[in-house]
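Chains as they are written, first to last, in our numbering: chain H, 1 to 443; chain B, 444 to 788.
Source of the hints: derived by calculation from the structure; they are not laboratory data.
Incorrect hints may appear among the rest.
[Claimed, not checked] Label pairs and their calculated CB-CB ranges:
#1 H:Glu46 with B:Thr647: 47 to 53 angstroms
#2 B:Gln562 with H:Ala233: 36 to 42 angstroms
#3 H:Thr209 with B:Gln776: 48 to 54 angstroms
#4 H:Glu380 with B:Gln562: 44 to 50 angstroms
#5 H:Ala74 with B:Leu518: 19 to 25 angstroms
#6 H:Lys436 with B:Ser635: 56 to 62 angstroms
#7 B:Gly595 with H:Ser259: 52 to 58 angstroms
#8 B:Trp569 with H:Asn42: 44 to 50 angstroms
#9 B:Gln562 with H:Asn42: 28 to 34 angstroms
[As the list claims (entries may be wrong)] Below 20 angstroms or equal to it, Euclidean Cα-Cα: the simulated SDA-like pairs (lysine to any residue) are:
#10 H:Lys122 with H:Ser34
#11 H:Lys79 with B:Ala625
#12 H:Lys420 with B:Ser558
#13 H:Lys236 with B:Ala625
#14 H:Lys155 with H:Lys122
Every residue, glycine too, gets a C-beta built ideally from N, C-alpha and C.
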Amino acid sequence: MGRKVAFIAALFGALALVGPAQARVEVQWWHAMSGVLADRLNELVEKFNTSQDKYTVVAVAKGNYDEVTNGVIAAYRAKRPPEMVQIAERGYMTMLLSGAIVPVQDLVEQKGYKIDFADFIKPVASFWSYKGRMSAMPFNSSTPIFWYNKDHFQKAGFDKPADTWQELERQLYAIKSKGISECGTVLPGDFYWSLLENYSAINNQPYGTLANGFEGLGTEFIYNKTKVVSQVARLKKWLDDGLMQIAGQGFSPEQLFTSGRCSTFVNSTASHGNIERNATIKWSATFLPHESDINPPLNSTIGGGAIWIMKGHTPERYEAVAAFLDFVAQPETQVWWHGATGYVPATNRAYALARERGYYKDHPTREIAVLQLSRGTPNENSRGFRFGNFVQTMLAQRQEVEAVFAGQKLPQQAMDDAVKRGNEILRQFEKLNAGKTPETERP
Amino acid sequence: MTLRLSIPWREARAPVLQRRHGGGGSKAVPVASAGRSRASGKTRRREEAGLKRANFGDGPGLPTLLLLPQLLILLFFFFIPSLRALMQSVLLSDPFGTNVQFVWFDNFKALLASSDYRQSIAVTFWFTLAQNVLTLGSALVLAFATDRIVRGRSAYRTIILLPYAIAPAIAGILWAFLFNPAVGPLAQVLHSFGVAWDPNLNPTDALILVTLAASWKHICYDYIFLVVGLLAVPVSLMEAAAVDGAGPIRRFVSIALPMLGPTIFFLTVMNFIYGFFETFAIIDAVTKGGPAGATNILVYKVFVDGFVNLDLGSSAAQSVLLMSFALICTLLQFRYFDRKVNYGV
Numbered sequence: 001m002g003r004k005v006a007f008i009a010a011l012f013g014a015l016a017l018v019g020p021a022q023a024r025v026e027v028q029w030w031h032a033m034s035g036v037l038a039d040r041l042n043e044l045v046e047k048f049n050t051s052q053d054k055y056t057v058v059a060v061a062k063g064n065y066d067e068v069t070n071g072v073i074a075a076y077r078a079k080r081p082p083e084m085v086q087i088a089e090r091g092y093m094t095m096l097l098s099g100a101i102v103p104v105q106d107l108v109e110q111k112g113y114k115i116d117f118a119d120f121i122k123p124v125a126s127f128w129s130y131k132g133r134m135s136a137m138p139f140n141s142s143t144p145i146f147w148y149n150k151d152h153f154q155k156a157g158f159d160k161p162a163d164t165w166q167e168l169e170r171q172l173y174a175i176k177s178k179g180i181s182e183c184g185t186v187l188p189g190d191f192y193w194s195l196l197e198n199y200s201a202i203n204n205q206p207y208g209t210l211a212n213g214f215e216g217l218g219t220e221f222i223y224n225k226t227k228v229v230s231q232v233a234r235l236k237k238w239l240d241d242g243l244m245q246i247a248g249q250g251f252s253p254e255q256l257f258t259s260g261r262c263s264t265f266v267n268s269t270a271s272h273g274n275i276e277r278n279a280t281i282k283w284s285a286t287f288l289p290h291e292s293d294i295n296p297p298l299n300s301t302i303g304g305g306a307i308w309i310m311k312g313h314t315p316e317r318y319e320a321v322a323a324f325l326d327f328v329a330q331p332e333t334q335v336w337w338h339g340a341t342g343y344v345p346a347t348n349r350a351y352a353l354a355r356e357r358g359y360y361k362d363h364p365t366r367e368i369a370v371l372q373l374s375r376g377t378p379n380e381n382s383r384g385f386r387f388g389n390f391v392q393t394m395l396a397q398r399q400e401v402e403a404v405f406a407g408q409k410l411p412q413q414a415m416d417d418a419v420k421r422g423n424e425i426l427r428q429f430e431k432l433n434a435g436k437t438p439e440t441e442r443p
Numbered sequence: 444m445t446l447r448l449s450i451p452w453r454e455a456r457a458p459v460l461q462r463r464h465g466g467g468g469s470k471a472v473p474v475a476s477a478g479r480s481r482a483s484g485k486t487r488r489r490e491e492a493g494l495k496r497a498n499f500g501d502g503p504g505l506p507t508l509l510l511l512p513q514l515l516i517l518l519f520f521f522f523i524p525s526l527r528a529l530m531q532s533v534l535l536s537d538p539f540g541t542n543v544q545f546v547w548f549d550n551f552k553a554l555l556a557s558s559d560y561r562q563s564i565a566v567t568f569w570f571t572l573a574q575n576v577l578t579l580g581s582a583l584v585l586a587f588a589t590d591r592i593v594r595g596r597s598a599y600r601t602i603i604l605l606p607y608a609i610a611p612a613i614a615g616i617l618w619a620f621l622f623n624p625a626v627g628p629l630a631q632v633l634h635s636f637g638v639a640w641d642p643n644l645n646p647t648d649a650l651i652l653v654t655l656a657a658s659w660k661h662i663c664y665d666y667i668f669l670v671v672g673l674l675a676v677p678v679s680l681m682e683a684a685a686v687d688g689a690g691p692i693r694r695f696v697s698i699a700l701p702m703l704g705p706t707i708f709f710l711t712v713m714n715f716i717y718g719f720f721e722t723f724a725i726i727d728a729v730t731k732g733g734p735a736g737a738t739n740i741l742v743y744k745v746f747v748d749g750f751v752n753l754d755l756g757s758s759a760a761q762s763v764l765l766m767s768f769a770l771i772c773t774l775l776q777f778r779y780f781d782r783k784v785n786y787g788v
């Protein structure tokens, strides 16, 4: 429809060769949102399209993150990439070194927009920027938080979940032994993200050498020498004792929590929408726990996606892209998106605006993620992760953790193997990208 | 060599290329090939007499023209992609193709050295073997039973054929749900018998589950062929045996089964190819290759490494190896089993 309108408008413009009948420049944005989130995204795009009359952004749902990535790769190879694409956090290095993108900050500045990139919340900014320059526009940023069933905790005589893993473990065992709930917690589908990676950041544990890869492609995983090993052992113990359950395929962990079967659940703050809609229980949320000997805990890191700009388009189209990204970065847009979805506001200004309007008085749990992300000063263990082929290393790691759960390996051995396999994958990435520097040329 | 005629090569290969492109396109058409395997004896005689050639007149013009559509399909959907896979398998390349290095056989070497890949081979071996035995065994029993049923035979046949109409992913979800340790009714039954069933945690349970699901989905395919095969067994022979005092089971084992030889042989080949290539959706829906890689069959690994991990070189090398395995497997079957199969009636 939009394309047709643009085409007709272009035709008129060409025929008349004059006048105010200006053609709208149309650009494509491929994204990975589905369900409610996709509806919200479409609303956002609609807001932009109606806010001005020069540009039209067309949002195209291309499936999940993997499918979007594959789609954009195929399109780029066929020399027909979209102008913008939403890619998940794990794809950062692949995109950065792809030679197929235009860094966001370069483009926005070149087109004369003044987005205050210094105002982005620190772990968000550091995740998506290279050498202090933003490579992609943070869009849907989330972080894991700790959800719990209020009734279960109250019945067991606790106000709320404890701050430390040690204390929390006692609480969960108490809830189970008192017969309040059979299942203390459910293993999140993305446990590697929340319970291993974010765990490492919060508890100030290095995940890889060279500042988690920020200082070079020569980085190696070292989480087999950190508290991650005892964390895996803890999960295994919970599983063996029936304190933790696995939802399994065809069934989401979230359902086990929202139905009241499991007392707690570690999951992204972005699930606010779903939980608010589906929960039949009294729920609340709090910060992720930390180890008792780590005080104060550091910030958690982000997950989610960012908008990348693809190479190979005309300056007029990049005008449209820059205008849209400027719109996305506006505090008003950020606050709206935050409220509509549960993702965090990406800038301090947007967060302040939401606070000012008293948004968190009615929605206290929505502030947790922002507070958890922005507490303290991120150090090299909590700034984020810069590992190439990060999906592949993660899948290898998950397989090893599952071997622990199945009783085939001990935690230490499994993490040693995971690190060994992960490092082979990292070396392959290093070999492929040796001597390559990220794109800095102007469009 | 009667094989070329009795075994429909095209159908046998079709799943290979369809799976490689991810398009869940058409399946091999069972009915057509059923006729062909039965008619193999006749076809052979015709070929010997040179009748076929005479029908097309002189020169290669018309036959070539008639073959052209199929050849073009093969060219675009099999030969060109295969060639590209072969090329990609000796390259190390980033997903966007902006940086490509020629690495000789590094991808293959890395694969053969990886314990992960060896595990995948072992899993595939057990999975396809168990699936084959289970599918063929159940289909034989059902086909035999069909012969014995007088009333409601067509209803019986229709019900058995139903799973074939269900999309593999849906079938997978169905089985995953039935055997889900938390909510699945069949899992509850197992638990009540004291079986600690948990396919999310236990690798063996997971492998059993996907094997069951894959077999269930494929039984009807084998069943159609076997029912048709049984129809071809001369009634006079069966009656003679009955007169001599052989019971139904004896008649089935001693007469029907040997005469089903060509069909069973064909089905074995097809089952292996099904197990190798077409069980992808079931694995994806039921276990996603887990836990701990216990159901990570080769074709699923090709997908994950190529489309999730974006490791195109390794993924291409794996598809080349997988195709070789399928080829070797099929050739071995022809070489050693075909001689024992009796094609005459």
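Hint-by-hint comparison with the structure:
Take Glu46 of chain H and Thr647 of chain B: their Cβ atoms lie about 52 angstroms apart, and the range 47 to 53 angstroms holds. Under the hint 36 to 42 angstroms, the C-beta atoms of Gln562 of chain B and Ala233 of chain H, about 24 angstroms apart, miss the expected range. Under the hint 48 to 54 angstroms, the C-beta atoms of Thr209 of chain H and Gln776 of chain B, about 51 angstroms apart, fit the expected range. Between Glu380 of chain H and Gln562 of chain B, the C-beta spacing of about 35 angstroms breaks the proposed range 44 to 50 angstroms.
Checked against the hint of 19 to 25 angstroms, the C-beta distance between Ala74 of chain H and Leu518 of chain B comes to roughly 21 angstroms, which is consistent with it. Remark: the range hint 56 to 62 angstroms for Lys436 of chain H to Ser635 of chain B is upheld by a beta-carbon distance near 59 angstroms. Between Gly595 of chain B and Ser259 of chain H, the C-beta spacing of about 42 angstroms breaks the proposed range 52 to 58 angstroms. Range check, Trp569 of chain B to Asn42 of chain H: about 47 angstroms between beta-carbon atoms, so the 44 to 50 angstroms window is met.
The beta-carbon spacing between Gln562 of chain B and Asn42 of chain H, approximately 44 angstroms, falls outside the hinted interval of 28 to 34 angstroms. Our distance criterion of 20 angstroms between C-alpha atoms is broken by Lys122 of chain H and Ser34 of chain H, whose separation comes to about 28 angstroms. For the hint linking Lys79 of chain H to Ala625 of chain B, the alpha-carbon distance of about 48 angstroms lies beyond 20 angstroms, and the restraint is violated. Note on Lys420 of chain H and Ser558 of chain B: the hinted pairing holds, with a Cα-Cα distance of about 12 angstroms set against a maximum of 20 angstroms.
Distance check on the hinted pair: Lys236 of chain H and Ala625 of chain B sit about 18 angstroms apart at the alpha-carbon level, within 20 angstroms; holds. Restraint check for Lys155 of chain H and Lys122 of chain H: not satisfied, since their Cα atoms lie roughly 39 angstroms apart, outside the 20 angstroms limit.
The structure fails to meet hints 2, 4, 7, 9, 10, 11 and 14 from the earlier list, while all remaining hints are met.
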